[in-house]
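Q: Using the sequences provided together with the hints, build the complete structure.
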Amino acid sequence: MTDLWRLTIREAADGLASQKLSSVELLESTLQRMHKTEPAVHAYVTPMEKSARREAEAADDEIGRGHWRGPLHGIPIGIKDLLLTDGVPTQAGSRVMEGFVPDHDSTVVARLKEAGAVLVGKTVTHEFAYGQDVPPTRNPWDLRCYPGGSSAGSGVAVAVGSAFGAIGTDTGGSIRVPASVNGVVGLKPTFGRVSKYGVFPMSPSLDTVGPLTRTAEDCALMLSAIAGLDPRDPCTLDAPVEDYTASIKDGVRGLRVGLDRRFFFYDRVSNEVRSAAETAMERLASLGAEIVEVHIPHLEFAPHAGMAVLTADTSEWHRHLLRTRRDDYTPGVRVMLELGELVQASQYVHGERARAAIRAGVRDAFEKHRLDCLVGPTLPTTTMPLAEHSTNLAGEDGDADLSPFLHHCFLGNVIGIPALSFPCGFSDASLPIGLQVYGRPLTESVLLRIAYAYEQVSDWHTRRPEPQVLSRVS
Amino acid sequence: MKPEQVDAKVITTLAQVAGIEIPKEDMEPLIAAFKNHLAGMEALEGLDLEEHDPITVFDPRWR
Numbered sequence: 001m002t003d004l005w006r007l008t009i010r011e012a013a014d015g016l017a018s019q020k021l022s023s024v025e026l027l028e029s030t031l032q033r034m035h036k037t038e039p040a041v042h043a044y045v046t047p048m049e050k051s052a053r054r055e056a057e058a059a060d061d062e063i064g065r066g067h068w069r070g071p072l073h074g075i076p077i078g079i080k081d082l083l084l085t086d087g088v089p090t091q092a093g094s095r096v097m098e099g100f101v102p103d104h105d106s107t108v109v110a111r112l113k114e115a116g117a118v119l120v121g122k123t124v125t126h127e128f129a130y131g132q133d134v135p136p137t138r139n140p141w142d143l144r145c146y147p148g149g150s151s152a153g154s155g156v157a158v159a160v161g162s163a164f165g166a167i168g169t170d171t172g173g174s175i176r177v178p179a180s181v182n183g184v185v186g187l188k189p190t191f192g193r194v195s196k197y198g199v200f201p202m203s204p205s206l207d208t209v210g211p212l213t214r215t216a217e218d219c220a221l222m223l224s225a226i227a228g229l230d231p232r233d234p235c236t237l238d239a240p241v242e243d244y245t246a247s248i249k250d251g252v253r254g255l256r257v258g259l260d261r262r263f264f265f266y267d268r269v270s271n272e273v274r275s276a277a278e279t280a281m282e283r284l285a286s287l288g289a290e291i292v293e294v295h296i297p298h299l300e301f302a303p304h305a306g307m308a309v310l311t312a313d314t315s316e317w318h319r320h321l322l323r324t325r326r327d328d329y330t331p332g333v334r335v336m337l338e339l340g341e342l343v344q345a346s347q348y349v350h351g352e353r354a355r356a357a358i359r360a361g362v363r364d365a366f367e368k369h370r371l372d373c374l375v376g377p378t379l380p381t382t383t384m385p386l387a388e389h390s391t392n393l394a395g396e397d398g399d400a401d402l403s404p405f406l407h408h409c410f411l412g413n414v415i416g417i418p419a420l421s422f423p424c425g426f427s428d429a430s431l432p433i434g435l436q437v438y439g440r441p442l443t444e445s446v447l448l449r450i451a452y453a454y455e456q457v458s459d460w461h462t463r464r465p466e467p468q469v470l471s472r473v474s
Numbered sequence: 001m002k003p004e005q006v007d008a009k010v011i012t013t014l015a016q017v018a019g020i021e022i023p024k025e026d027m028e029p030l031i032a033a034f035k036n037h038l039a040g041m042e043a044l045e046g047l048d049l050e051e052h053d054p055i056t057v058f059d060p061r062w063r
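Chains as they are written, first to last, in the working numbering: chain G, 1 to 474; chain X, 1 to 63.
It cannot be assumed that every hint is accurate.
Stated by the list, open to error - Just a sample of chain X residues kept apart from chain G, beta carbon distances all over 10 Å, derived: (1) A8; (2) K9; (3) P60; (4) W62.
Said to hold, decoys possible - Pair by pair, the computed Cβ-Cβ distance ranges are: (5) X:D53 with G:E242: 26 to 34 Å; (6) X:E45 with G:S458: 37 to 45 Å; (7) X:D48 with G:D238: 30 to 38 Å.
Just so you know, these hints were derived from the structure itself, not from any lab. All residues carry an ideal CB built from backbone N, CA and C; glycine is no exception.
A: If you want it as structure tokens, here you go:
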């Protein structure tokens with residue numbers, strides 16, 4: 001079988017556990033796919049073929065001796081180049097970190113290694129995850145187009161099959177945006193559910209780490225492996241880690257799904273996205289979910305509150321580097337770091353106070369309407385040609401109008417709730433469209449259940465970019 | 001300060017207070033970014049925040 005890269009993590013894991021497949025076979029198929037697609041999509045900054053082969057052989061040896069560690073054992077996984085990886089260059093997409101090779105692992109990488117995952121490479125990130133530069137990664141559905149960010153390489157690697165799953169980080173949408181525009185599943189967990197120790201930071205109160213996969217079940221498998229308390233990250237929550245697959249097949253009957261049309265279907269949402277999201281919601285309703293129209297105050301303030309905090313937080317970490325390595329940053333990132341230096345302390349605290357108000361509004365709506373989740377499109381549009389896409393976080397000159405790609409996503413970081421993006425359609429131009437569900441804190445299992453139920457009645461998540469599209473330009 | 005009042009002089013003064021130098025080529029985008037920041041802060045004035053404490057937590061335990 002030459003197309004092993006097409007398997008889901010669950011299918012591959014079943015094959016490995018029963019020893020019908022080997023990790024080496026999975027890896028070789030994945031590497032072949034990587035060699036075929038990389039010249040076009042550039043998802044990886046540091047492929048790790050040599051060490052991956054060693055890890056795959058070790059996994060096969062261990063499984064052969066009857067020690068199957070669990071569903072990630074022997075599975076090829078990509079890691080965003082923002083996570084420290086022992087002995088492997090980790091450069092956060094920046095010349096500032098050129099030549100940096102950490103001597104220890106981030107907690108998430110360590111947990112993946114403990115789970116027996118095979119690390120196939122470090123995936124491309126925008127510089128320090130700020131999303132202001134244009135990295136070499138391209139969208140596999142249309143190579144002229146924006147691949148999402150900042151976990152661009154992770155989203156693309158999973159979409160094309162050069163990884164079975166990948167790790168991303170999300171401070172304002174950086175897992176969900178690439179998930180949506182590449183047609184894969186991406187989970188921003190509850191703040192503190194997954195350790196951010198050993199991850200280049202943006203904001204200590206907005207940053208999250210999470211998985212990108214091809215299915216909801218795979219996402220659940222990865223989350224189960226990486227979640228949990230970590231003494232090295234004081235923000236991690238001391239809450240039990242569930243088996244996130246345990247209730248994934250329970251269906252959506254009786255779930256109350258909140259919809260705030262004013263916010264999630266505002267005027268910048270394209271007709272194609274609007275139509276795909278509406279159809280997906282009707283599908284969920286036909287499966288027994290109850291769609292509840294709600295109006296939640298203050299949601300539109302989330303990006304402004306978030307930016308006041310994000311810019312200052314990020315600049316604080318870069319304080320020394322901005323003064324000593326200024327010219328090694330790309331211009332867009334440098335300007336954002338300079339901006340963060342100019343934010344007044346009182347404005348920062350005001351942003352934090354606004355976050356509390358926004359959180360209270362969402363919490364009250366969940367309580368009042370007995371909601372299990374909120375739903376809406378992940379993004380207002382599909383991806384677009386890089387020439388037309390603005391990643392400018394500074395917005396237009398003085399009109400406070402931030403990138404529309406922040407509009408639906410930043411809320412999750414600003415109030416710390418979990419959010420899951422999964423494929424819900426394609427545009428006429430064959431570009432993926434994502435649906436996003438937000439949950440109460442620590443209800444990732446509910447969100448995964450919704451996505452799983454939807455996947456059982458749709459096939460969007462099974463579509464992969466066609467190789468001839470890739471080879472046409474490679 | 002109103003967003004429209006921001007100019008190179010304002011940015012230069014704030015940058016001096018912060019202790020950074022702004023390269024010439026960054027001045028124009030930084031003016032726009034700072035105007036936008038102020039516009040965002042103005043937008044937040046639309047919120048009634050009286051009953052909300054900032055989301056900042058201080059944990060006095062030694063770890």
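Q: Each hint: holds or not?
A: Status of the hints after comparison with the structure:
Every C-beta of chain G lies more than 10 Å from that of X:A8, the closest at about 13 Å, which supports listing it as non-interface. With a closest Cβ-Cβ approach of about 13 Å to chain G, X:K9 is found to remain outside the 10 Å limit, as its non-interface label requires. Distance check for X:P60 against chain G: the nearest CB is about 13 Å away, which clears 10 Å, and the non-interface claim stands. Non-interface call for X:W62 relative to chain G: holds, since the shortest CB-CB distance, roughly 12 Å, exceeds 10 Å.
Take X:D53 and G:E242: their Cβ atoms lie about 31 Å apart, and the range 26 to 34 Å holds. With their beta carbons about 43 Å apart, X:E45 and G:S458 fall inside the hinted range of 37 to 45 Å. The hint said 30 to 38 Å for the Cβ distance between X:D48 and G:D238, and at roughly 33 Å that hint holds.
Figure legend: structure checked against the earlier numbered hints; every hint is met.
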